[in-house]
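Q: Chain by chain, the residues run as shown.
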Amino acid sequence: MNRLAITLCAAASVATAIAAAGAQATDVVGVTDTEIKVGSFGPLTGPVYIYGKLAMNGIEVYFNKLNQGGGVQGRKLVLVREDDSCKPEGAIAAVKKLVYDHKVFAIIGGGCSNSTLAARPEIEKAGVPFHVVSAVADGIVDPPLANIYTTQLTATIESEAQVQWAVEHGAKKLAIIAQHDAWGRSRYEPMLQDFKRRGLQVIADEEVTVDQNDGTAQALRLKSSGADAVMLVGYPKAAAVMIRDSIKIGYKPLWIGQTAIQDLPALHNMIGIGGALSDFVTITTVPGHPDNKEYAEWRERLKDTFPNDDLSVFNLMGIGAAEVFAKVLDTAGKDLTREKFLAAYDTIDNFKSSIYPGPITCKGRHKCNQSPAFVKLENNSVVSAGTIALK
Amino acid sequence: MSILSVDGVSIAFGGVRALDNVTASFGAGEIVGIIGPNGAGKTTLLNVICGLNRPDSGDIRFADRPIGGMKPNRIAGMGLARTFQRSQLFAGMSVLENMMTGLHLRSRANLFAAALCTGRMREEESELAARAREALDYVGFAGFADRPGNALSFGQRRIVEIARTLISDPKIVLLDEPAVGLSLNRVAELDQLLRRIRDEKGVTLVMIEHVIRLVMGVSDRVVVLNCGQKIAEGRPEEIRKDPAVIEAYLGKLIDAGRAAS
Amino acid sequence: MSLQALAGNRSFLSLLFGALLVLPAFANEYWLFVGNLMLVYIILALGLNILVGFAGQLAFANAAIYGIGAYGTALLQVHQGWSFWAAAPVGAVLAMVIGTLLAFPALRLSGIFLALATLAFAQATQWVLWHWESVTFGAGGFRVPAPNFGWLPVKGDYGVYFLSLAAALVLLLFAWRITRSRIGRAFVAMRDGEIAAQALGIDLLTYKAMAFALSSFYAGIAGALYSGLLGFVSPEGFDLFQMIIQKAMIVVGGLGSVVGSVIGASLLVYLMEILREFKSTQEIVFGCLLVCFMIFQPHGLVVSMKRWLPGWEEPLHLVGRVAADASTRSGSYKGATPTERRAVERA
Amino acid sequence: MLMLSYLMATGITTGAFYALVALGIVIVYKSTEVVNLAHGELFMVGGMLAYTCYVMAGIPYIPSLVLAVAGAFVVGILTERIAYRPVLQHGLASVLVATIGVSFILKGIGRHIWGGKGDYLAFPPIVSPEPIEFGNIMIMSQQLVVLLAAMSVMAGLALFFKCTRAGKWMQATASNPKAAMLCGLRIDRIYMYTFAVGAAAAGAAGVLMAPLTHLYPDVGFVLFIKGLAAAVLGGLTSIPGAVLGGLLLGVIEQLAAGYVHSSVQDVVPFLIIMLALSLLPTGLLGARGLRKV
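Chains as they are written, first to last, in the working numbering: chain A, 21 to 411; chain B, 2 to 262; chain C, 5 to 351; chain D, 62 to 354.
It cannot be assumed that every hint is accurate.
[Claimed, not checked] One side of the interface only, derived from the structure: several residues of chain A facing chain C at Cβ under 10 Å:
{"id": "1", "residue": "L64"}
{"id": "2", "residue": "M76"}
{"id": "3", "residue": "G110"}
{"id": "4", "residue": "A202"}
{"id": "5", "residue": "G219"}
{"id": "6", "residue": "Q221"}
[Unchecked claim] Here are the simulated lysine-lysine pairs, DSBU-like style, with alpha carbons at most 35 Å apart:
{"id": "7", "chain 1": "C", "residue 1": "K283", "chain 2": "A", "residue 2": "K323"}
{"id": "8", "chain 1": "D", "residue 1": "K239", "chain 2": "A", "residue 2": "K313"}
{"id": "9", "chain 1": "D", "residue 1": "K178", "chain 2": "C", "residue 2": "K283"}
{"id": "10", "chain 1": "A", "residue 1": "K354", "chain 2": "A", "residue 2": "K123"}
{"id": "11", "chain 1": "A", "residue 1": "K360", "chain 2": "A", "residue 2": "K145"}
{"id": "12", "chain 1": "A", "residue 1": "K383", "chain 2": "A", "residue 2": "K354"}
[What the hints assert, rightly or not] Chain B is nowhere near these chain C residues, computed Cβ spacing over 12 Å in every case:
{"id": "13", "residue": "R14"}
{"id": "14", "residue": "S18"}
{"id": "15", "residue": "L19"}
{"id": "16", "residue": "F146"}
{"id": "17", "residue": "F153"}
{"id": "18", "residue": "F178"}
{"id": "19", "residue": "A190"}
{"id": "20", "residue": "R195"}
{"id": "21", "residue": "I199"}
{"id": "22", "residue": "A203"}
{"id": "23", "residue": "L271"}
{"id": "24", "residue": "L279"}
{"id": "25", "residue": "L322"}
For the record, the hints were derived by calculation from the structure and aren't laboratory data.
All of these numbers come straight from a predicted model, not from anything done at the bench.
For every residue, glycine included, the Cβ atom is placed at its ideal position computed from N, Cα and C.
Just need the whole structure built from these sequences, with the hints factored in.
A: And the structure:
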């Protein structure tokens, strides 16, 4: 036993010594003359894979297009995916693997708010450039870090936009119905704060769950509260159930959704009742609908790479982010370093993306996308309902 | 003097009276056989005594203390041990460990002693092991100490189980059909063993048994149950010719036969 | 005496832990993290195996208890400003206390019913973590300050790593000794035959409570380390998937085997990292692996270890033996298929 | 008053969901004493197959339903073959882990094939989607379909167990496998069909509910958990018990959500399981579960 103990202690001290020594020496650049290694992490498996896998498919499709055209500054883009299965430990492991094993140049991804939040210190420590694609929590970019930018509308912006839309359109009694999962809370809390800030009172504050199959109880409570506008913070299924059962009990408030339910035709199909979305507006990251003609090219390119898939909003999120990312890469120039790359973000000013409704501006801010656009459904096609300037 | 007494015990399962006002007493150092046709309530009686079933009425005294409705482990702690119809040797342990488990109540080591592996705990363990081997030796199973419990034949398991009950020096041992599935010469060995236990250790043995040869041979007294009631009690030779018993086992057939002749 | 018993497998264990010990010297941060996860899961598996493998209580609450340990430790630091070193033990004890209460339903329930009751408890715990927002910060989770190793020669990740290593070693030794003691025998007795165990004077409540307390304490410690390792705590970490992984670890390693827990935990953590290569098909591959393990290594890897490695000394505590026993007992039904044999067992 | 009647109605219609899922769980448990943890995924497979036939391939509804149920039936047989029969004699824990393995496989396959078509696949309702008047309240007609389906599946199973030979065999095997075997029944095969029937029930449920639950790879999980709660409430061995448990669960959920707060809706089933098991371990109509002495 003693012998064992002694050897253990000895080895431990040795190991720590070496470790301490080895700890500093890490300067990674995933760039060669011919290619740039770009990492991505997010849920590839598990319930919310749409925010990871589908977005990454979009990124890949955009990278393929670039590579066919000779890549960026003569370098091909290689996308390395890692699954975080929407769990904090998964995200930390994924980021560490990308940084220290794959030695990627930069990371573009981030699907789940919680896991991306958990990985933030790791990303900060590694100093790897990180472009957020679909995670919405503000904590990921707030307080700002030199190496993290996002082109996703953050939760706070959307929540405030929802509230402001209601106010600007004459709603007097505002209610909230929200999912209280990690995604929902990242929007719900800033929304409550915004209510406070504007001196508004929450008439009714109900919860709906992702897998709920009936919203009658919630609808009844909302109705009895007499709310005339409802902030809907939920995924499509929850939203569909809520709207359907509200119609069922004859309750027709103004519904204000957010980007998770921007695919209005799909939502309408899920509700199944004609004219169900007559009093419904939602924020969008994509002005039109994936089936619209302006996205024909992406539909084909996606089919080429992923025959099983149909172009979805989540693919477009990835494409949009990749477009900005590539633009920054290009701006950074031929002899690429992380410093130059990050510096290049500051040159992105009023960039007209082919996907995002508003201009993208990373100049002097890390939340590059701050223009929420609202859409509504009119005779089965998605049309703009207008934009607002956040106050 | 009686060490265990059952007084007017009744118990019913969903309307079926498994035991109906049964009274019996068992003296120190005697072997009592309990016989009766299937469903007579023999095993139920044992379960009630050792606390697995709580009697609806009646009281049970063991070592001059009422034990009716006590938890089985408490009763066991007072020195009442039993074996079961179906082998209850712990399959996941070696025979030796099985024996040592039999000494559970005779050992003290608590969680922390065990975790920290204190000197006293080690002493105790080796002491337990020694006693276990001794007990195995007593029934002539010293060689089996390190076999897994389930590597033994049915007969062997029975013997080891008896040894496991004896190891904690109980005052009384209840045996539920110890001879079931034993070959004839094994039964003879068992017979010898039971006598030795009584004579050398002075332990009271209460035994449910269908092998009439064994039970009549070895028992000092025999209690006969039928349909939950005690229908006879006495020395084996009395029981043999007790009409009630014969009727219980053979029904009216005998009388019919007599009438015919 | 327990150390002597350890001798048979010392070669393997010291090899594994030796490797884990020098890992920080060679591994990059990613593999260091993986190694640390291994250590945390080894602790979890050790505890769960005491409960499920030795005491035979098929409980599904370990993930929740693990979470309670993590939340307890983290929240004491965040709300009360305690240091990690003060919070961790308290968190572990909190987990232990709550876990012990599960022994009461376990008195009346067994097998699948206990599994369901504890599963429900776990889901209810998740709900509390989501909705007791004033305390737990809800589903959004929260950051935890990194443990401070100021007075030690290690720092940051390495500190947590060596702390986990030490904890794992100590708890391994404890698990080994306890399972070889009269308490371990009482556990196995309960598992192999509650009635007989009672008849030998073993108090079911006491020992079930003890088994639950032990495993919860292990889970609590693991939770504390987990919070220190991630620096972020949120409910996802302790959901049903977490439970399934832990269960898989002890079954793959070997129910009722201390070394089995270590093997299962380290192997599965490693496999899950390897499976990353399968990207979005890794669910399928993982599922296939589980099924294959159950078909080809039903009693856990330790059984083959014992068969193939000379001097591999494995005590007879494997649940597998009970099954083997069952098939011999119903051996009288010649040509009976396993299904039929078990059916007969149940009859 | 209106609120109460709405909540009751909703409780019953959602309860029918849980009942329909619980039925399959009970069928399997009854004779094999195992809960198939892949049941939720079988539900998903049924729904997805129906979607493929009905929506993507344009096959009429009834044939699609039959095909989907048949498909689930086959998957059930496979499940028994790989995750139950070879593992059984090694104890409950092994079987549970094996069925978990199967659930991972099915979920993964589902995600791989149908996962790329967007987040939720909308299954067109087979009856008019508009709510219909029912007394003083409105009800979604599709929910009535599910309710009727639950009832008829229950009746169908009852008949199946009473009147068909296969059903009687299953009953016999369930109540006493040893005797059944000694009577020369191939209980291996009977267990296989039990699993298959359970799977088919799950598949049918998947198809019938698809217009309301919509389809996504993880649709089965929560329904499985709730169905399990219902089954346990009903005693895990009784078919009427499963339905009763399901309806009860649905009603309690709705009342809790309506009169307490919508946030407690999700914890109620688990509290019910805990209470049900610790207070009446045999469930409402069940017989098993007590420690055998």
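Q: If a hint holds in the structure, say so; if it does not, say that too.
A: Hints versus structure:
Taking 10 Å as the C-beta contact cut-off toward chain C, the hint placing L64 of chain A at the interface holds, the least distance being around 4 Å. Taking 10 Å as the C-beta contact cut-off toward chain C, the hint placing M76 of chain A at the interface holds, the least distance being around 9 Å. The interface hint given for G110 of chain A is met, as the beta carbon of that residue sits about 9 Å from the closest beta carbon of chain C, less than 10 Å. Annotation: A202 of chain A was flagged as interfacial toward chain C, and the flag holds, the nearest CB pair being 5 Å apart, inside 10 Å.
Contact between G219 of chain A and chain C, as hinted, is not supported at the beta carbon level, the nearest pair being about 23 Å apart and thus beyond 10 Å. Against a cut-off of 10 Å between C-beta atoms, the interface hint on Q221 of chain A is violated, since the closest Cβ of chain C lies about 19 Å away. Only pairs whose Cα atoms come within 35 Å are accepted, and K283 of chain C paired with K323 of chain A is accepted, the gap being roughly 20 Å. A threshold of 35 Å between alpha carbons decides the hint, and for K239 of chain D with K313 of chain A the separation of about 67 Å lies outside it, so the pair is violated.
A C-alpha spacing of about 19 Å is found between K178 of chain D and K283 of chain C, which places the hinted pair at or below 35 Å, so the restraint holds. Only pairs whose Cα atoms come within 35 Å are accepted, and K354 of chain A paired with K123 of chain A is accepted, the gap being roughly 20 Å. Proximity of K360 of chain A to K145 of chain A is assessed by CA-CA distance (about 18 Å); at most 35 Å being required, the pair is judged to hold. For a cut-off of 35 Å, the pair hint linking K383 of chain A to K354 of chain A stands: about 21 Å separates their Cα positions.
At roughly 15 Å from the closest C-beta of chain B, the C-beta of R14 of chain C stays outside 12 Å, upholding its exclusion from the interface. For S18 of chain C, the condition that its CB be more than 12 Å from all CB atoms of chain B holds, with the nearest at approximately 18 Å. Consistency note on L19 of chain C: stated as away from chain B, and its beta-carbon is indeed over 12 Å from all of that chain's, at 23 Å minimum. The beta carbon of F146 of chain C is kept farther than 12 Å from every beta carbon of chain B, the shortest such distance being approximately 34 Å.
Interface exclusion of F153 of chain C from chain B stands, the closest Cβ pair being 26 Å apart, more than 12 Å. A Cβ of chain B approaches the Cβ of F178 of chain C within 12 Å, the least distance being about 4 Å, so the stated non-interface status is violated. At roughly 6 Å from the closest C-beta of chain B, the C-beta of A190 of chain C falls inside 12 Å, breaking its exclusion from the interface. With a least beta-carbon separation of about 7 Å from chain B, R195 of chain C fails to lie farther than 12 Å from that chain, contradicting its non-interface assignment.
Non-interface status of I199 of chain C relative to chain B is broken: a Cβ of that chain comes within 12 Å, the nearest being about 7 Å off. A beta-carbon of chain B comes within 12 Å of the beta-carbon of A203 of chain C; the shortest separation is about 5 Å. The claim that L271 of chain C lies off the interface holds: its Cβ sits roughly 23 Å from the closest Cβ of chain B, which is beyond the 12 Å cut-off. With a least CB separation of 33 Å from chain B, L279 of chain C remains clear of the 12 Å interface cut-off, as annotated.
Distance to chain B contradicts L322 of chain C as a non-interface residue, since its nearest Cβ pair spans about 7 Å, not more than 12 Å.
In summary, the structure is inconsistent with hints 5, 6, 8, 18, 19, 20, 21, 22, 25 from the numbered list given earlier, while agreeing with the others.
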